[in-house]
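Colleague: Please model the entire structure based on the sequences and the hints provided.
If you read the sequences in order, they're chains D and C. The first sequence runs 1 to 468 under this note's numbering. The second sequence runs 1001 to 1060 under this note's numbering.
A hint or two may mislead.
Said to hold, decoys possible - Using 25 Å as the maximum straight-line C-alpha spacing, the simulated SDA-like pairs for lysine to any residue come out as follows: (1) D/K259 - D/K365; (2) D/K324 - C/L1031; (3) D/K324 - C/E1007; (4) D/K365 - C/F1046; (5) D/K324 - C/R1035; (6) D/K17 - D/A115; (7) D/K324 - C/L1011; (8) D/K365 - C/E1045; (9) D/K95 - C/A1024; (10) D/K245 - C/E1053; (11) D/K244 - C/W1058; (12) D/K248 - D/L235; (13) D/K324 - C/L1017; (14) D/K95 - C/A1014; (15) D/K365 - C/E1053; (16) D/K324 - C/P1020; (17) D/K365 - C/T1047; (18) D/K324 - C/D1004; (19) D/K95 - C/L1017; (20) D/K324 - C/A1024; (21) D/K365 - C/T1042; (22) D/K462 - D/G275; (23) D/K95 - C/A1022; (24) D/K245 - C/R1057; (25) D/K324 - C/A1037; (26) D/K365 - C/R1057; (27) D/K365 - C/A1051; (28) D/K324 - C/A1013; (29) D/K365 - C/P1050; (30) D/K245 - C/W1058; (31) D/K324 - C/P1027; (32) D/K95 - C/E1018; (33) D/K324 - C/T1006; (34) D/K17 - D/L69; (35) D/K324 - C/E1005; (36) D/K365 - C/D1052; (37) D/K95 - D/L320; (38) D/K244 - D/Y360.
Hints are computed from structural coordinates only; laboratory data are not their basis.
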Amino acid sequence: MSEALPESALDIAAAVKSGALTAVAAAEAALACIAARDGKINAFTEVTRERALREAAAIDTRRARGEALPVLAGVPYAVKNLFDIEGITTLAGSKINRDLRPAAADCALVERMHAAGGVLVGALNMDEYAFGFTTENTHYGATRNPHDPTRIAGGSSGGSAAAVASGMVPLTLGTDTNGSIRVPASLNGIFGLKPTYGRLSRRGVFPFVHSLDHVGPFARSVADLAAVYEALQGLDAGDPAQAKKPVKPVSMCLAAGMKDLRLARAGGYFLEHAGPDARAAVEIVTRALGVSRDVVLPEAARARAAAFVITATEGSQLHLANLKSRPDDFEPLIRDRFIANALTPAAWYAQAQRLRRWFYAEVMKVFADTDIIIAAATPVSATTIGAETFDLNGVQVPARPSMGLLTQPISFIGLPVVTVPVVVANAREGKMPLGVQLIAAPWCETHALRVAAELERQGSVKSLLAQL
Amino acid sequence: MTSDETERYVLAAAAALELPIAPAHLPGVILNFERLAAIAATVNEFTLGPADEPGPRWEP
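Modeller: What follows is the structure, encoded as structure tokens:
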């Protein structure tokens, strides 16, 4: 965080509540930090200075009146630029969406952050229409990894992760369809939560793949991640895919430890598609937790392939009108893929959706005697911007789609995942972070957060604040 | 599918959708469709039974 602010969101809120810090001072510090640092990172596509100072002043007024302040009072945060922000055009990383009218209202999660006392300071860069794992955006420039600006920040929520890792804000929101929270969390060395599919409202969030889209937070500590996740919960009739689940408090559970939880490492596909550093990151976590058991998620490669087919079909159909009328306005890196995807035969899509149900049933059998499955979040650490391929255990694989090899089978069936940051010493490339997925059964976010908290207490995982 | 079959399918499916493909984009579209087809093949060859319903559930 900037020199004037505590690193943790909860510490900022505590300072605002106690009067040690005003919300306006916190907002001004965050805005100054963005002005000083974002030129090197390119995480922000919009800075909402006026709104931030207005929201912050309202918090200070409430405190002056003696009102009890909400959990994230005065905490600066930012959102991926596919979240509707009232009065601002929702770009979704595209050039095409610049033609849309500004959003008439905040999306559901920005409403919830406002109710929790959050102060919105801006919108964040992403892959166009969330279709990518690198945030190499031709229209708005690549977001750079704060730990090494020659490398990618991951994607598609690359701006969301880089803004947190570089200390510009303590909290951000992003989306995850095939790995777009977990991949950038991994490559930037921070915590990310992809809740169960249907847990949080997506109202007012520009879609990518309706069957697979999730929303969730990034943070630099488990306590912050839990606090913002609590604030984001709640039923909302505006998202037809949201499950009718009651709000589940999690922060109070973080100290519960994990003795009652049964842990296992994901073997098979998840080890075969992890590079040496990713396997080392998993080893650090499993050793810290005393895990010696492997489980196999059957047909994980087919699950990933089916997620690919569903993504191709739904993601391109959404943009068919623009693919017909203005194909040259699409991101050049993905335009041809978008057009090809629009031609997917219906039988392929139906088979993929049926395989989804089958795979879900098989994985639920694994959860009969397991509470948390541990797997690497990305096959490798951040690659160089512009890289077309990377080496995965002796095979050159296409860089942009392959970053999602380990996340796609999991989001395919909507499982909740906390990604935790592990630093793996790498003599060749210096120290670049890598994330490990703590995968829980549906609606059991609390289990993953408890294990993350235990690892953080032990010092086995730690969020890295980049030195810029 | 052979390369020729892929190209014929791409052009026919695009015509059915009234989706024009600029000549400059066609090679990239065909390449990407071939990659998608290879990935989809692993899904399509998997045997599912009549009781294996699709993932999404409609709740009116």
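Colleague: Quickly compare the C-alpha distance for D/K324 and C/A1024 to 25 Å and report which way the hint goes.
Modeller: Since the Cα atoms of D/K324 and C/A1024 sit roughly 15 Å apart, the hinted pair holds (cutoff 25 Å).
Colleague: Is D/K324 close enough to C/E1007, meaning Cα to Cα at most 25 Å?
Modeller: Holds - the C-alpha atoms of C/E1007 and D/K324 are around 18 Å apart, at most 25 Å.
Colleague: Mind checking the alpha carbons of D/K17 and D/L69 for me, to see if they're no more than 25 Å apart?
Modeller: holds, 7 Å
Colleague: Hint check: D/K324 vs C/P1020, CA-CA at most 25 Å. Holds or violated?
Modeller: holds, 6 Å
Colleague: Would you mind confirming whether the straight-line C-alpha gap from D/K365 to C/D1052 stays at or under 25 Å?
Modeller: Roughly 16 Å separates the two Cα atoms, so the pair holds.
Colleague: For the pair supplied as a hint, D/K365 and C/E1045, is the alpha-carbon distance within the 25 Å limit?
Modeller: holds, 23 Å
Colleague: Take the C-alpha atoms of D/K17 and D/A115, compute the straight-line distance between them, and say whether it is at most 25 Å.
Modeller: holds, 15 Å
Colleague: Given the hinted pair D/K244 and C/W1058, is their alpha-carbon gap at most 25 Å?
Modeller: holds, 14 Å
Colleague: Sort out whether C/L1017 lies within 25 Å of D/K324, counting only the CA atoms.
Modeller: holds, 9 Å
Colleague: Does D/G275 lie within 25 Å of D/K462 when you go C-alpha to C-alpha?
Modeller: At roughly 21 Å apart (the allowed maximum being 25 Å), D/G275 and D/K462 satisfy the hint.
Colleague: Next pair to validate is D/K365 with C/R1057; report whether the Cα-Cα distance is within 25 Å.
Modeller: holds, 21 Å
Colleague: With the threshold set at 25 Å, check whether the alpha-carbon distance from D/K95 to C/A1014 stays at or below it.
Modeller: holds, 24 Å
Hint check: no violations occur; every hint is consistent with the structure.
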